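K.L.:
Add chain P to chain X, keeping to what the hints say.
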Amino acid sequence: MRKILLTALAALAISCAGDKTPTKEIRSEEDLAGLRISTLTGSCYDMELSERDDITLVRFNTETDIINSVAIGAVDACVYDEVVFNADVRKQLGVKIAFHGKDEYPAGFGFRKEDIELRAECDAMLEEMKADGSLDSLCTVWLSDEGVDPSTLTPPLNNGTGEPLRITTGCSIAPISFMVGDTWYGLECELMYRLGQRLNRPVEYKYYDSASYMFSLFGGMSDILTGCLFITPEREETTAFSIPYYYFKPAYFVKDPEAKGSKTGIWTKIEESFRRSLIVEQRWKYITGGLWETVKITLLSILLGSILGCGICACARSRKRGLNKFAHLYNVIVTGIPMLVLLLIMFYVVLVNTGLGATAIAVIAFSIYFAAAAGEVFSNSLASVPHSQTEASLALGFTRPQTFFTVVLPQAVRYGLPFYKRQCIELLKATSIVGYLAIQDLTRAGDIIRSRTFDALLPLLIVTVIYFLLAWLIGLGLNLAAGKNRSL
Amino acid sequence: MISVRHLSKTYRNPDGSILQVLKDVNCDIDNGEVITVIGPSGTGKSTFLRALNLLDPPTGGEIIVDGENILAKGYPAHKLRRKMGMVFQQFNLFPHMTVLENISLAPVKLLGMSRADADAQSVELLRKVGLAEKADVYPDSLSGGQKQRVAIARCLAMKPDAILFDEPTSALDPSMTGEVTSVIRQLARESGITMIIVTHEMKFAREVSTRIFFMNQGVIWEDGTPEQIFDHPVHSATKVFVQQMQKLIFDIDSQDFDFFGMSSSMGAFCVKYSIPEKREAIFQITDLMTSVLLKEHYPLHVVLSYSGLTGETALAFMMEGYTESPLQGVDVDRAALERVKEMGSQFIEEPTVKGFRIKIII
Numbered sequence: 008m009r010k011i012l013l014t015a016l017a018a019l020a021i022s023c024a025g026d027k028t029p030t031k032e033i034r035s036e037e038d039l040a041g042l043r044i045s046t047l048t049g050s051c052y053d054m055e056l057s058e059r060d061d062i063t064l065v066r067f068n069t070e071t072d073i074i075n076s077v078a079i080g081a082v083d084a085c086v087y088d089e090v091v092f093n094a095d096v097r098k099q100l101g102v103k104i105a106f107h108g109k110d111e112y113p114a115g116f117g118f119r120k121e122d123i124e125l126r127a128e129c130d131a132m133l134e135e136m137k138a139d140g141s142l143d144s145l146c147t148v149w150l151s152d153e154g155v156d157p158s159t160l161t162p163p164l165n166n167g168t169g170e171p172l173r174i175t176t177g178c179s180i181a182p183i184s185f186m187v188g189d190t191w192y193g194l195e196c197e198l199m200y201r202l203g204q205r206l207n208r209p210v211e212y213k214y215y216d217s218a219s220y221m222f223s224l225f226g227g228m229s230d231i232l233t234g235c236l237f238i239t240p241e242r243e244e245t246t247a248f249s250i251p252y253y254y255f256k257p258a259y260f261v262k263d264p265e266a267k268g269s270k271t272g273i274w275t276k277i278e279e280s281f282r283r284s285l286i287v288e289q290r291w292k293y294i295t296g297g298l299w300e301t302v303k304i305t306l307l308s309i310l311l312g313s314i315l316g317c318g319i320c321a322c323a324r325s326r327k328r329g330l331n332k333f334a335h336l337y338n339v340i341v342t343g344i345p346m347l348v349l350l351l352i353m354f355y356v357v358l359v360n361t362g363l364g365a366t367a368i369a370v371i372a373f374s375i376y377f378a379a380a381a382g383e384v385f386s387n388s389l390a391s392v393p394h395s396q397t398e399a400s401l402a403l404g405f406t407r408p409q410t411f412f413t414v415v416l417p418q419a420v421r422y423g424l425p426f427y428k429r430q431c432i433e434l435l436k437a438t439s440i441v442g443y444l445a446i447q448d449l450t451r452a453g454d455i456i457r458s459r460t461f462d463a464l465l466p467l468l469i470v471t472v473i474y475f476l477l478a479w480l481i482g483l484g485l486n487l488a489a490g491k492n493r494s495l
Numbered sequence: 024m025i026s027v028r029h030l031s032k033t034y035r036n037p038d039g040s041i042l043q044v045l046k047d048v049n050c051d052i053d054n055g056e057v058i059t060v061i062g063p064s065g066t067g068k069s070t071f072l073r074a075l076n077l078l079d080p081p082t083g084g085e086i087i088v089d090g091e092n093i094l095a096k097g098y099p100a101h102k103l104r105r106k107m108g109m110v111f112q113q114f115n116l117f118p119h120m121t122v123l124e125n126i127s128l129a130p131v132k133l134l135g136m137s138r139a140d141a142d143a144q145s146v147e148l149l150r151k152v153g154l155a156e157k158a159d160v161y162p163d164s165l166s167g168g169q170k171q172r173v174a175i176a177r178c179l180a181m182k183p184d185a186i187l188f189d190e191p192t193s194a195l196d197p198s199m200t201g202e203v204t205s206v207i208r209q210l211a212r213e214s215g216i217t218m219i220i221v222t223h224e225m226k227f228a229r230e231v232s233t234r235i236f237f238m239n240q241g242v243i244w245e246d247g248t249p250e251q252i253f254d255h256p257v258h259s260a261t262k263v264f265v266q267q268m269q270k271l272i273f274d275i276d277s278q279d280f281d282f283f284g285m286s287s288s289m290g291a292f293c294v295k296y297s298i299p300e301k302r303e304a305i306f307q308i309t310d311l312m313t314s315v316l317l318k319e320h321y322p323l324h325v326v327l328s329y330s331g332l333t334g335e336t337a338l339a340f341m342m343e344g345y346t347e348s349p350l351q352g353v354d355v356d357r358a359a360l361e362r363v364k365e366m367g368s369q370f371i372e373e374p375t376v377k378g379f380r381i382k383i384i385i
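Respectively, the protein sequence lines represent chains X and P.
The numbering of the first sequence is my numbering, which starts it at 8 and goes up by one.
The numbering of the second sequence is my numbering, which starts it at 24 and goes up by one.
Simulated from the structure, these hints should not be mistaken for laboratory data.
The structure displayed is predicted, hence computed values, not measured ones.
Heads up, the beta-carbon is just placed ideally off N, CA and C, and yes, glycines get one too.
The reader is advised that the hints may include incorrect statements.
With the C-beta cut set under 10 Å, the calculated list includes, among others, these residues of chain X facing chain P [claimed, not checked]:
id : residue
1  : 393
2  : 395
3  : 398
4  : 400
5  : 401
6  : 403
7  : 404
8  : 407
9  : 409
10 : 414
11 : 418
12 : 421
Next up, chain X with everything else stripped away, as it sits in the complex (with noise of 0.2 Å):
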């Protein structure tokens, strides 16, 4: 959610600062000078373009917001792999390519630097493969400037008996790697299927936010990483790379101010876009899947948050002091530490190596968070039901714990019910980080789609209202639960 409205914004932002097209066409890096130009994060290209202090760089962690954010005219021109951005792509969104970039570059799969058998095991396959000429033909087939043809794709030979060969994918772009339902395809993919087959290992895909996805290398969760990464001095310092399998080319991108429009109506339009992003290759399967885990997500985090809240809540209150202490020192660290940075260190430092799956991880970690947020409702709505009322039902009779369920918690309730609310549906909001982790939650549901379909608008908007909604639920939902708790 905050990555959607960050990318809407940041397009919104550049956009105003300045909408002055490039009158000079734009022909070698020496046009770029005093341009805005958008990258990847974290790619070659924004390592290189960053040393220029003469144009302002943009950098997105998706290869759609990269093209699209020059197809809406918010940045002059966009750098990437030319074999990415093919002549479909470039035809659907009305860009072109304004020149080749000089320099090739080699991409290769990265290892840990102990894993010297695995990576000689990929280094025989390539070799062999360059020898009898495989490679080559396999390359002309993924890359060629048509595109794949996604009715054409069989599905991979994947039926190895061994231990699970754990792929990470920071790249989720046609024809590199991509989804087409739960299966990996792209010429990566290929590789890597055949090097599972020639080990007798069944391969796993995994997707990461590019922004992170090397951690999950070095923190063992996976073993190969993969992703158009190209192979460089400095990579090469933490990481073992097999030999290069391929030379990328970039390629400057910038609107193309021939392309026309299609002549098609508005209606028509949105139609094409709705088939697109939720019919074809039934992409609908994304969305609900998303939807499944940011509700199971949120739904157990504020479940388990709220048991742990209980806790703080009754440190908070206790008459020891050193219980007093631990629940603020509590509260104060979790709320100073920003959600990502706990999510991240949960699933690499704390919790690794326990067996943990990602999705349980991001529930502890979300728990953890919130149960800081609800035991603060919980002790200022206890605060809030003066002494006097557990005196007047202490002098009727009532036990200590009669009072508290019968004439305390109600009106607690009724005080924190607006507070507790708030909360879960930020909690909600705040679960669209865990693509960090590689969940497919909606969100990275919205990104997948995105990178098929290289369509920006109708992923987000579909995203946003299911967002809209499962917050107007969660409030009835708690309305609900707080109306059967009258009195008597």
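P.N.:
What follows is chain P alone, placed relative to chain X:
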């Protein structure tokens, strides 16, 4: 039957000092008695009441209720409280329940009464306190007096043997105290429930009680029937309190005393207690006494007093070490003395423990 022996209660202040609210309280209260507890603020009246139902457990002494020592370790306080209700100064109705639910709650949950029976009883009790039509409203919409009547009904719903009233009218607008005191008076007449009432309403205390405890400085200072306490108090502290005595005291040591300042203070006193018509007389008598009749007899203590109960205003002049009146001598200004006697309604000369007093009732 409630017996209290050597009851004490000390608080430890945050700064470590110790505050003794109850020092040594002793009393026996028979079933059906209506006791009012009166006394100055901060003398432990409410603390005493709250000790009886263990809301503020005492720190020493013992309380025996119907033969059971309620201060024994492990004594179930909630059992005691079901027989001994309490009405609070701030009503403390449950705001999240209707008036009817407020009253039915305890009988249903604690006496195992059915909801229907409890509601029928609640309506009956509401009728008794004159609020049957308010059964289904929430306490927020009631006036203070109505809230307190509901609180009394809530208390009665448990069919208690005794009810503790903790300043039941103090939080009320003066125009509303009547409806609450009437209900309590009626209960005292008809119910046979033991009642212990802490109150500042002297007229009400006098009318309603069978016995009055005058509490002062953490003990029961005086204990007696309303007539004894109000008409023939043994202790002067009791008298000062029950007659709602207000006093203004000046010590004149020499001719250099600020007489104008004293006049100004006396004038303000008269205005404060609504006796401006007596101001002239007070000024003149004071002037004649201090600067003519008694000017040789410094140091002189002048006390201007006013009783809220009787409306009596008095000026007293006290001289330490005297055994007889200094106004008997031959050199006394007769004319001045006559004028003083004319202006007062009574002229009293009497010896006291420390000296001699001349008192003029105005």
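K.L.:
Hints the structure violates: just list their numbers, smallest first.
P.N.:
none
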